[in-house]
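S.K.: Sequence:
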Amino acid sequence: MKTFHEFVDKSTAPIQGNMYHVHLHGQEVYSAEITQYKKGACWATLTVLQPANQEMSAIYKKGDSFEVKVAQYIFTLIES
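For the sequence shown, counting from 1, position 48 maps to 47 in numbering that gives the first Met the number 0; every step adds exactly one.
What the hints contain is simulated information worked out from the structure, not anything from laboratory work. Small disclaimer: the values here were computed from a predicted structure and weren't measured. Treat the hints with caution; some may be incorrect.
Said to hold, decoys possible - Under the rule of at most 35 Å between Cα atoms (straight-line distance), these lysine-lysine pairs were calculated in the DSBU-like manner: (1) K38 <-> K61; (2) K37 <-> K68; (3) K37 <-> K9.
Sequences are here, hints too, so could you generate the full structure?
M.R.: Now the structure itself:
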């Protein structure tokens, strides 16, 4: 069985230390800081800064830290 790899668009890949609005299937789920990510990697570790809405706050809590598969998400940089 051949393994299928999703490729990360290098122009939109997150950068470690930056903060992003994170979207999954076209819906914003939370804002988060990327705490660990190496350019071109499949996985990133992030820390939730704030759930996107009341529905998402039932799933994600401020301070939650976990890994996500980068190719499945859209990251929109939060300008400071």
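S.K.: Taking the earlier hints as the rules, which of them does this structure contradict?
M.R.: none
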